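Residue numbers (our numbering), protein chains in the order written: chain A, 798 to 1451; chain B, 87 to 207.
It cannot be assumed that every hint is accurate.
Output of the computed footprint for chain A on chain B, the stretches with three or more beta carbons under 8 angstroms from beta carbons of chain A [claimed, not checked]:
(1) 162-175
(2) 179-187
(3) 195-204
Rather than coming from a laboratory, the hints here were simulated on the basis of the structure.
Note that the structure is a prediction, hence the values are computed from the model and not measured.
Using N, Cα and C, we set each Cβ at its ideal position, and we do this for glycine too.
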Amino acid sequence: MDTARYAALFQAEAREHLAELDTALLALEDEGRRGPDGVSTAAQVATLFRGMHTIKGMAGSMGYEAIERLAHALESRCEPLRSGDEALHADLLALLFEGTDVLRGAIDDVARGVATAPAAIAGILVRLRRPVLETPSAETLALPDTTATSSESARVRPSAPADAVNVRHVDIRLTADCPLKGVRAMLVLAKLAPLGQIRGTHPAQTRWQDEAFDGAFRVTVVSDVTDDMLEQAARSAGDVAKVQVRVPALASQVAERLATTGVPEATRTVRIDARRLDTLLDLVGELVLTRDRLLRRIEALDHPDRDVYRAARDAARLVSALQDEVLQSRLLPVGQVFDRFPRLVRDVSRELGKDVAFVMEGREIELDRSLLDAIGDPILHLLRNALDHGIEDVATREAAGKPPRGELVLRAARDRATIVIQVQDDGRGIDRHGVLLRAREHGLVPDDCDGLDDETLLRIIAHPGFSTARRVTSLSGRGVGVDVVNTRVRALGGQLELESIEGVGTVVTLRLPMTLAITRALVVEVAGSTFALPAAHVEEALEYHESLRVHHAARPSVTIHDAVVPLVALGERFGLVRSSTYDASRDAEGRDQHIAVVESGGRRVALLVDALVAQQDIVVKPLDVVRGAAPWFSGATVLGDGSPALIIDVPSIV
Amino acid sequence: MSKTVLICDDAIFMRTMVGDILTQAGFEVVGEAETGVQAVEKYKHLRPDLVTMDIVMPDMGGIDAVREITKHDPQARILMCSAMGQQALVVEAIQAGAKDFVVKPFQPSRVLEAVTRVLAA
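Extracted from the complex, chain A is given alone in its bound form (with noise of 0.2 angstroms):
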C-alpha cells in the first residue's frame, strides 16, 4: 500500500472536485431564484453526487476519516434529490454550501499537516443526518426576490477562494419584546440579502417559525460590504435588540494565508506533468555544467576581454538562480507522506493490542519530490517493525516498570545538507544476544565475536537472508523489511544509521540528500580517474604528510586534529593500484598526495586521493548496472570540462 505519492495528486484533485461542487451549488442557487429547470437541475444534482462521491472515494483509499465521513454524509444527502424524492429548498442548499465549506476545510487540513478535529465535522455530520421530516416547498422558503441587484450580486459573485475571505457570520438578536419573532428575522434576512449571498442561517429558517425560536440567530453571508453596512442593514428590519458581525475561524484562516502569500489559493499551485520537472532539472544540470566549463575556460585565458568575462559572471549568477528556482520548486513538504502514518500507526496498534502514543515532528521539512514519493513505503516498514517487534503490549511494558503507552516517533531534520528522518520507539530494543548468535550461524561475522556495535547489528539485520531467517525463529527485535530499507536508501543516495538499547528502545535514522539531482561535489583524481565525493560527507580535504600517519594502530591511520582516522588508499581500494601507498606521501608521478576526510554515520574515514580537483555541482546520473558490479558507487556525473566521472557512495567505504 503506497499511497503517499497519492497525496498530492489527492489533494489537487480534491480541489477541482470541491470547485465543481461550489459551481453546481451556486447554479442550483440562481434557478432557485429564477426557477428551476428540470434538465439543467438534475445534471448540476448528478455533478454533486458524482463529485462527492469521488471525494469520498478517494479519501477512503488515502485513509483520510474525516473527509471520508463528511463526503460520504454529503453525498447521502444528496441521494433523494437525485432520486426525486425530494426537491431542492434554501434550507438544504444552505446546508450543502456550508457541508462543502467543511469539507475543503478538512482538506485544507490534511494538505497543511493537521488532524481535522472531530468536533469541527460533528455538528455538520448531524444536521446532514437529521432524516428529512417533510419536504419543504420551494416557495415557501424562497426569499422574496425583490431587488434586481440582488439576483445581479448572485451573477457577478466572487470566485470561492475570494468568498471564503468575505464570509462573515452576522449574529443577531431580537427585541425581547418583539412580536412574530420568525417573521421578523425573515425581515432581517431580507435586508441582508442584496448585500450579499446568504450562505446559511442558524437556526434553519425552517425553524423560525418554531414556538421555541427566541430570536436569536445567525445568517452566514458572502459579502464584500463592511461588517458596518451589514450591521445596519441587519438593524434596519427592525426589533433589533443587538447585531454582531464577526469572519468566521476558518475565513480568516483562509484570509491569513492569502495575506501572506498574495496569491489566492487557486492560482498558487498548478499541475505540471512530473516528467517535465525532471526534464526542467536536467536542462538546468547540464546549464550549470556549461556555466563552470566556460568560467573555467575564460579564466584560463591570459588576457580576457573584460566584457565577456563581465558577460559570462552574470550569466552564471543568473543560471545559480535558475537552478535554485528549480530545485526550490521540486520541494515539498515531508507532512505529504507524513500525513498518512497516523491512520496507519492507529490501525496497526489496534490489530496488535498495543497503546501508542504516535509523534510526528517536523513535517514542515521540505524535500525533492522524487525522494519524497520514494521515502514512503521505507517509513512504513519501519514504523510497522517498531510497532510490531519494538513496542511492547501494556502488561510487558507493566511489569518492565515502564509507561504501559508506548510512544512511537517520526521526526524529520535538517541536518547540513541531508534530511534526517527517524523512526523512534521506546520498546524493547533489539536482542542483540539472540542476533549475535544468529550471525555467527550465518557467517556474518567471526566465531570470535561477542559483542555487536550498533553499525556490525544495521549491518547483519540489513543483511537480506537475515531476515527471512529470523522471521522463521522467534527472536525478539526488528529485521524484516530492514534489507529492503537499507536497499531503498542507498539507492536513493542516502544511507541507514542504528542505534537501540535493549529495554529502552531503538532509533532508525535515514539520512538522505536535500535533492537527488544536483549535489555539491569534491572532485578528485585518484590514478589518473576522476571521482567525485558527494560534499555532505566531506569533512575535510588536506594535504597528506607523513607525520600525520599513526604508526602502531592495527590497520592504517592518520591523526586528524588529535583524533585517530582509519586511512584508506581509494586507488588500492578501487581495485585501480596494486600496492598501497601509505607510505610514501606522493605518488607515481612524484606529486603531493591528499587526504578527504569523510563521515558516514558517525564514522570518520581519511581517505587518500592523489588529487583534490574542484569542488563543484554535480548533476547525478544513476548508475544503470547491477549494484553488485559497482559497490563503491552511487552514480555517475559529467564534469564541468565534459569528462564523466563516477560518484563515490562514501556509506559503503567507511
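We have chain A already, so just place chain B on it with the hints.
Same frame as chain A, but now just chain B:
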C-alpha cells in the same frame, strides 16, 4: 409635503385607530378600503406613498391584495397589520411583497417605527 396613506381594514375601529395614529404623526390619509378588491382599485387610483393592509378581509384577502398591488407596482410600500396567531399568513404576505408588519393591538410607537422603516427602505 406630507406622505399619503391608504388604510385597508374591514373594521371601522381599526381604520380609525390607524388613521389617528398616522394623522397625528403628520401623514395624510388619502383613502380607506374595506375589502381587498377595493384596496387594489384605490391603490391604482390614488398611488399612495404607503398602504396599511389587514390580512383578513372580505372578497379578497390582504395577501392577495398585496400580490395584485405589487404586480401593478413593484415599488409599492405595504405594511401588514396582523393579529396575533397569524404568523404563517404574515410570512406569506412578506413573500408576496409586503415590506413590514405590525401586530395588533397597535401601539402607536410601533406603528410609526414600522411606517418609518417602510418609507425609508
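**Q.** Hints violated by the structure (listed by number, smallest first)
**A.** When the structure is compared with the hints, none of them turns out to be violated.
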